[in-house]
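Residue numbers (full-length UniProt numbering), protein chains in the order written: chain A, 1 to 163; chain B, 1 to 120.
Rather than coming from a laboratory, the hints here were simulated on the basis of the structure.
Think of the CB as a built atom: it goes at the ideal place given N, C-alpha and C, for glycine as much as any other residue.
One should not assume that every hint holds.
[Said to hold, decoys possible] Pulled a few chain A residues facing chain B out of the computed Cβ check, cut under 8 Å:
| id | residue |
| --- | --- |
| 1 | I79 |
| 2 | I83 |
| 3 | M85 |
| 4 | I90 |
| 5 | L94 |
| 6 | T122 |
| 7 | G129 |
| 8 | Q151 |
| 9 | M155 |
| 10 | R156 |
[To be verified] Here are the simulated BS3-like pairs of lysine-lysine, each with C-alpha atoms no more than 30 Å apart in a straight line:
| id | chain 1 | residue 1 | chain 2 | residue 2 |
| --- | --- | --- | --- | --- |
| 11 | A | K91 | A | K150 |
| 12 | A | K158 | A | K144 |
| 13 | B | K92 | A | K89 |
| 14 | A | K4 | A | K162 |
| 15 | A | K150 | A | K162 |
| 16 | B | K92 | A | K150 |
| 17 | A | K60 | A | K162 |
| 18 | A | K89 | A | K150 |
| 19 | A | K91 | A | K144 |
| 20 | A | K91 | A | K162 |
| 21 | A | K144 | A | K89 |
| 22 | A | K4 | B | K92 |
| 23 | A | K150 | A | K60 |
| 24 | A | K144 | B | K92 |
| 25 | A | K60 | A | K4 |
| 26 | A | K162 | A | K144 |
| 27 | A | K91 | B | K92 |
| 28 | A | K162 | B | K92 |
Listed here are the chains, written in short residue letters.
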Amino acid sequence: MLNKVLPAPFLSLFLLVFWLLLQNTISAGLLILGVILAILIPLYTNRGRDFPATIHRPFKVVEYFVLLLIDILISNLNIAAIILMPSRKIKPALIEYPLDIVGEVPITVLASTISLTPGTITAEIRRDGRALLIHALNVNDPEKLIESIKQRYEMRLKEIFKC
Amino acid sequence: MTQLPSWAEWLVSSLIIIGALFALVGSIGLARLPDFMARLHAPTKSTTLGVGGVILGSIVYFSVSSTLSFHELLITIFLFLTAPISAHLLAKAGLHLELRRVENTRDLRGQPRQYSDEDD
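Given these sequences and hints, build the entire structure.
Here's what the structure looks like:
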């Protein structure tokens with residue numbers, strides 16, 4: 001029953017919060033309109049979703065988001081330090097990152113995370129979809145970088161999406 | 001224009017200055033890093049915090065001077081969703097066009113063909 005009315009509960013919640021942020025005030029009328037929109041829009045767009053993804057651990061998502069915010073902050077400081085360094089001795093590298101997780105949504109989230117965090121950008125996915133190509137701005141030990149991404153992000157995503 | 005209490009004035013101005021500094025550093029990086037792929041790193045990272053600082057300043061200013069205001073957070077959400085995607089597309093384009101890379105770039109691809117669009 002609940003699945004029929006709310007096919008994507010997290011999308012509904014996101015839309016409601018989004019709506020209230022757009023209005024920038026909270027009143028009963030706006031809240032009711034927001035709830036109606038948050039129910040109707042996922043019902044209408046659900047036919048177009050061909051990437052099933054279930055979040056198994058909602059609280060882990062919050063933890064992941066906070067971790068990501070902190071890492072983005074550190075990443076900004078690192079990049080700023082590299083840019084302002086008087087010498088131009090950076091060690092860029094193209095690194096192959098073997099994936100443990102499967103599924104379009106988890107891999108997309110991981111690729112976006114890598115692009116947002118310390119000196120790394122996801123450039124391409126291998127043809128068979130089992131590895132990502134990462135460009136790192138300044139790296140001494142590629143093995144260590146791969147290991148840290150695995151520990152910090154991929155393990156957590158694995159828990160969140162159970163894949 | 002309302003008068004802010006002085007702690008809020010200090011907070012808002014330092015947040016805006018921090019944000020502006022990071023935006024400046026990002027632009028400097030864009031100009032002085034050696035190759036296309038390295039240049040890509042500067043704006044995608046530093047602008048996030050640059051815009052973040054200015055947005056935080058705006059939230060504090062409007063929350064203190066009139067009513068609680070959070071719709072600036074939407075800008076952050078959009079930025080977090082779009083920054084990695086645009087960076088990914090630019091990096092992909094640079095990779096497939098095989099742009100010149102600085103000579104100390106280490107290419108650790110086992111089979112580079114696995115990442116190209118060319119037919120076998």
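Results for each hint:
Of the supplied interface hints, the one on I79 of chain A holds, with its beta-carbon coming within about 5 Å of a beta-carbon of chain B, less than 8 Å. Of the supplied interface hints, the one on I83 of chain A holds, with its beta-carbon coming within about 4 Å of a beta-carbon of chain B, less than 8 Å. With a cut of 8 Å, the hint placing M85 of chain A at the interface with chain B is violated, because the nearest CB-to-CB distance is about 10 Å. Look at I90 of chain A: its Cβ gets to within about 7 Å of chain B, closer than 8 Å, so that hint holds up.
A cut of 8 Å between beta carbons decides the hint on L94 of chain A: the least distance to chain B is about 5 Å, and the hint holds. Nearest Cβ of chain B to the Cβ of T122 of chain A: about 6 Å, under the 8 Å cut. The hint holds. At its closest, the beta carbon of G129 of chain A sits 11 Å from a beta carbon of chain B; the interface hint therefore is violated under the 8 Å criterion. Annotation: Q151 of chain A was flagged as interfacial toward chain B, and the flag is violated, the nearest CB pair being 20 Å apart, outside 8 Å.
The beta carbon of M155 of chain A is not positioned within 8 Å of any beta carbon in chain B (closest approach about 20 Å), and the interface hint is therefore violated. Checking R156 of chain A against chain B: minimum C-beta separation of about 17 Å lies over 8 Å; hint violated. Taking the CA atoms of K91 of chain A and K150 of chain A, the gap is near 21 Å; set against the 30 Å cutoff, the hint holds. About 20 Å separates the Cα atoms of K158 of chain A and K144 of chain A, which keeps this hinted pair within 30 Å; it holds.
Proposed proximity of K92 of chain B and K89 of chain A is supported: the alpha carbons are some 25 Å apart, at most 30 Å. This hinted pair checks out: K4 of chain A and K162 of chain A have alpha carbons roughly 23 Å apart, not beyond 30 Å. A threshold of 30 Å between alpha carbons decides the hint, and for K150 of chain A with K162 of chain A the separation of about 15 Å falls inside it, so the pair holds. Taking the CA atoms of K92 of chain B and K150 of chain A, the gap is about 22 Å. The hint holds against a cut of 30 Å.
Between K60 of chain A and K162 of chain A the alpha-carbon distance is near 12 Å, which keeps this suggested pair within the 30 Å criterion. The hinted pair formed by K89 of chain A and K150 of chain A meets the criterion: a straight-line CA distance of about 27 Å does not exceed 30 Å. Distance restraint check for K91 of chain A and K144 of chain A: the Cα-Cα separation of roughly 15 Å lies within the 30 Å cut-off, and the hinted pair is therefore satisfied. Taken as a hint, the K91 of chain A and K162 of chain A pair is broken in the structure, with Cα atoms around 36 Å apart against an allowance of 30 Å.
For a cut-off of 30 Å, the pair hint linking K144 of chain A to K89 of chain A stands: about 20 Å separates their Cα positions. Of the supplied pair hints, the one linking K4 of chain A and K92 of chain B is violated, its CA atoms being roughly 40 Å apart against a limit of 30 Å. Restraint check for K150 of chain A and K60 of chain A: the C-alpha separation of about 16 Å stays at or below 30 Å, so the hint holds. Distance hint between K144 of chain A and K92 of chain B is fulfilled; the C-alpha atoms sit about 24 Å from each other, no more than 30 Å.
For the hint linking K60 of chain A to K4 of chain A, the alpha-carbon distance of about 26 Å falls within 30 Å, and the restraint holds. For the given pair, K162 of chain A sits about 25 Å from K144 of chain A by alpha-carbon distance, which is consistent with the 30 Å threshold. For the suggested pair K91 of chain A and K92 of chain B, the alpha carbons sit about 20 Å apart, so the restraint of at most 30 Å is met. Restraint check for K162 of chain A and K92 of chain B: the C-alpha separation of about 29 Å stays at or below 30 Å, so the hint holds.
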